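Bring the two chains, given one by one in their own frames, into a single complex with the hints.
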Amino acid sequence: MLASLRNVSKVFTDPRNGRGLVALNGIDLDVKEGEFLCLIGSSGCGKSTTLNLLAGFESPTRGDVLFKGKKVIGPSPERGVVFQEPSLYPWMSVLQNVMFSVQEKNGRESLAMEYLKMVGLDGFANSRPSDLSGGMKQRVAIARALAMGPDLLLMDEPFGSLDEQTRRKLDNDVLRLWKEGSKTVVFVTHNIDEALMLGTRVVLMSASPGRIEREWVLDADWPRDLSSPSMMSLREEIIGMLQACACANGAAPVQLLTIGD
Amino acid sequence: MAVATALDTGQAQFVFRPETTRLMAKGTWNAFLGIMVVVFIWWFVAEAMMFLRGVPFPTPPETMSAFWQAIMGADVHGESIFAHANASLQRWGQGYLIALVLGLALGLAFGTMPRLHDVGMISVYVFQMIPGLAWIPIAMLIFGLGETATVFIIVMTAIPPLVINTAGGIREVPAVYTRVARMSGKDDSALFMKVLLPAASLSIINGMRIGLANGWRVLIAAEMVVGVALGLGFSIYQSRYSLDFTASFVSIMAICIIGLTIEKLLFVSMENRVRNRLGLDRED
Ligand SMILES: Nc1ncnc2c1ncn2[C@@H]1O[C@H](COP(=O)(O)OP(=O)(O)O)[C@@H](O)[C@H]1O
Ligand SMILES: [Mg+2]
Numbered sequence: 003m004l005a006s007l008r009n010v011s012k013v014f015t016d017p018r019n020g021r022g023l024v025a026l027n028g029i030d031l032d033v034k035e036g037e038f039l040c041l042i043g044s045s046g047c048g049k050s051t052t053l054n055l056l057a058g059f060e061s062p063t064r065g066d067v068l069f070k071g072k073k074v075i076g077p078s079p080e081r082g083v084v085f086q087e088p089s090l091y092p093w094m095s096v097l098q099n100v101m102f103s104v105q106e107k108n109g110r111e112s113l114a115m116e117y118l119k120m121v122g123l124d125g126f127a128n129s130r131p132s133d134l135s136g137g138m139k140q141r142v143a144i145a146r147a148l149a150m151g152p153d154l155l156l157m158d159e160p161f162g163s164l165d166e167q168t169r170r171k172l173d174n175d176v177l178r179l180w181k182e183g184s185k186t187v188v189f190v191t192h193n194i195d196e197a198l199m200l201g202t203r204v205v206l207m208s209a210s211p212g213r214i215e216r217e218w219v220l221d222a223d224w225p226r227d228l229s230s231p232s233m234m235s236l237r238e239e240i241i242g243m244l245q246a247c248a249c250a251n252g253a254a255p256v257q258l259l260t261i262g263d
Numbered sequence: 007m008a009v010a011t012a013l014d015t016g017q018a019q020f021v022f023r024p025e026t027t028r029l030m031a032k033g034t035w036n037a038f039l040g041i042m043v044v045v046f047i048w049w050f051v052a053e054a055m056m057f058l059r060g061v062p063f064p065t066p067p068e069t070m071s072a073f074w075q076a077i078m079g080a081d082v083h084g085e086s087i088f089a090h091a092n093a094s095l096q097r098w099g100q101g102y103l104i105a106l107v108l109g110l111a112l113g114l115a116f117g118t119m120p121r122l123h124d125v126g127m128i129s130v131y132v133f134q135m136i137p138g139l140a141w142i143p144i145a146m147l148i149f150g151l152g153e154t155a156t157v158f159i160i161v162m163t164a165i166p167p168l169v170i171n172t173a174g175g176i177r178e179v180p181a182v183y184t185r186v187a188r189m190s191g192k193d194d195s196a197l198f199m200k201v202l203l204p205a206a207s208l209s210i211i212n213g214m215r216i217g218l219a220n221g222w223r224v225l226i227a228a229e230m231v232v233g234v235a236l237g238l239g240f241s242i243y244q245s246r247y248s249l250d251f252t253a254s255f256v257s258i259m260a261i262c263i264i265g266l267t268i269e270k271l272l273f274v275s276m277e278n279r280v281r282n283r284l285g286l287d288r289e290d
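Each protein sequence line maps, in turn, to chains A and B.
FYI, in my numbering the residues of the first sequence are 3 to 263.
FYI, in my numbering the residues of the second sequence are 7 to 290.
Extracted from the complex, chain B is given alone in its bound form (with noise of 0.2 Å):
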């Protein structure tokens, strides 16, 4: 409309309506269609097994009612759903703590002294390979089970990326940005603050962002050690015994919504934020 308005007064700008530029910008009918297609084919794979095996398969009205019940505080696996979230939450919220100092501090060591880089990249490398899986036994050896040896798990799982984000965006930095800092008489500190850290931020909050989804992913895996009965990858695992799918389909929808609440709410707008400060949004 505004287009066609446009082209027939021969004008040389125009804008949008607003509900029309947030209906564009924000891409909410795209979401919307992308959040069908999924229902669409777990739906199909519901029918499909029930019909050929003859399985309980939760379609998704049935978990979308179980969900709201366990809103509504029913138990979901000997806990409300609530309390296993909460559970989750902490495990994850510590071991990513951790891994933040730890990763942060290695990937700024390891950006800024090339032969430490060389030498001990080798072995971020090594533990990025290691699937979530694979860390069980390694840290039940060094923890035992319990609590230690899920943040643990959690912690392992979301350094590498944190590392290497990090120590990649250092490494990346124009050489003539450092060039400029060494001829203003910039010292070593300067460089590093003024320079070096803003120029990576963007990588760094990239290294941030993947570390959680990391260290959230891994849950599943790490509560498989913890000695309580209590979080949603305990309660995912629950049903191999309890024969509850629902219930664990409800935990996988939680799980599903608070990973892609965090990333999407907390991340984006984070990332947006910084890259209007350092004014890369308009990089040419």
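Only chain A is shown next, with the shape it has when bound in the complex (with noise of 0.2 Å):
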């Protein structure tokens, strides 16, 4: 097992209003070497948290964290994270953003250029962050996060504020690096179809408090047809799901059907 939530629960506790918040309670994950995991659920149920955890920014209020069979205490190379939030400093060129993240001490440059390269931005090297699209930037975060030789690749909703069209193009592109590099991934997204076509493991979270509700396992090879009649049924068991865990929160229905795009 390369990375566990033993019996992991998360409390935010809010000083000013002397509230407590159960972000996660008693959650068991295993993160198996060279899968594609994907944690779905909807908004609030945990899915940031979870991740949060994994990478070392956070620490569980009871249970443990496990990474290679030692507990996490904090963040490490061994683990890289794409944000969902812009991330790059916007005073770093794209090469030195990259380079900050590159661990080696000779021919970080060199090595920088290489994972910009994996990603098809060698020819923005110099440029600023600034000056690049919203899908351009995230490029440049999982170059910088692969730049830090990591073992697990942990990546929150990381296209979700892209176009379809080129969601689908980085989703791919992930997908690839994942193969080649054959990588582990923990990749959070709201979007069924996307996890769908990405993952090995598909893995349902539950709000209030934020639980696992279910998995399922993909087998299918990529690429993947959605329009499949398995692949059909099981994207209405898991709207079904999501529905079913979302109205027993008291959410209204209506919400939710947009959430499959």
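Since the hints were made in silico from the structure, they are not lab data.
In this text the structure is predicted, and so the values were computed from the model without any measurement.
No false leads were slipped in.
In silico DSSO-like pairs for lysine-lysine, Cα to Cα no more than 27 Å straight-line:
#1 A:K181 x A:K171
#2 A:K73 x B:K192
#3 B:K192 x A:K119
#4 A:K107 x B:K192
#5 A:K181 x A:K70
#6 A:K70 x B:K192
#7 A:K107 x B:K200
#8 A:K185 x A:K70
#9 A:K107 x A:K119
#10 B:K192 x A:K72
#11 A:K185 x B:K192
#12 A:K119 x B:K200
Shown next, in the form of structure tokens:
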């Protein structure tokens, strides 16, 4: 097992109003070496919290987060993260942003250049992040995460703010990098189609308090045909479960019909 | 003109003539109008006061010609305007330098240590609330009359904005920037130098600018306690005894001109350069 959450709970407390919020309650999750794990669920169900725990940005209130058998005590280059929000340093060039995360002491520039090449942006090495489109920025963020030489790649709705077409293209890039580099990926999304397109396993989370509802193993080969009968029925099943969870939590079902796009 | 041409010929992009660009970019015309408004208000008040109260309120032309004579070497309250300005600039420079060192150090410490921030910020806010004139008795009690008291007042009024903006700038650095550095295996000093400082630099410069302006403005108050008969602020007060109001208006003008020049020339260009370096001018 590459990483696991063992009976993990996370409580956020707000000292200003004296309230506590149980973001996760008793989660068990194993991330197997080489898999492409997709975490889905409506917003606020604790997907980001789960990812932040794996990354080491947050520590669990109860339970253990393990990576390669050892307790996670903080962030490390072994676990690269691609964030949803803009995370490139605007005062550095694209190349400098990637170089910042290269771990090797020597030949950082040429190494960084190689990672930029992997995402097809070596031509923009000297540009500023502000000169790039949203999709290009996220590709640089991916190059930067890869430059850390991580064993686990954690991606938190990395393409959530991009248009549909760009998202599809980047999904394919991620898939290719995952296959070529034989990496392990945990990919958070609220887009069911994206999860079905990419994952070797899909884990559905639900909210209030955040917990794991169900999981599906996908063994179809890529590129996947989402209009095939088996995929269609799986899709229906997941949408059904998402709605059921959401209704149990008092959300309007109409809202969720749009989740699958 | 260029707009019409572009539309008529169906171009997708065009550039204005250099002269037009310069005029649009610098807002020269608006600045000129702005100055005219100031002069008009001044003149109106001056004439009104002379008419209603019969006081010798210096008008813009009178002051301008006195200012010109002062530049040419005429005495302003016993000394040349340059001697006054030089004395003020030196006091202010000393005070500002001390404030800069202390303010930046405190601001950086507060910005990186939340507990220290919550405790220490209280006194900074209290200091900030104390108006320039109110520092006079305090300065006199600690240092007596003289240069040190003047410099002390400048330091005390320049420090709060430096601390507040430096600490605030660092605390407002997006968490994701820190997370990226941490997961890339950077230690505290690399995080500070490579991430926190650049990310907060605009806010720090802003604090430096406000501190500078505060220190310059408080000169007038601070030079009340100065022992020597020298300084632009001193010269303004002096009209209470000499009744030479034109001379104090000349000094007020000198203060405005020096203050604006330093702020606009030094800080605006510094800020633009940093903005550019940081790639923040095109932030989305
Ligand atoms: N730092 C935090 N402080 C307080 N509450 C938080 C914090 N981070 C997340 N939460 C809360 O925890 C819950 C789960 O959040 P999150 O993991 O971001 O959900 P998701 O990524 O699935 O949308 C939400 O209700 C959110 O408001
Ligand atoms: Mg989230």
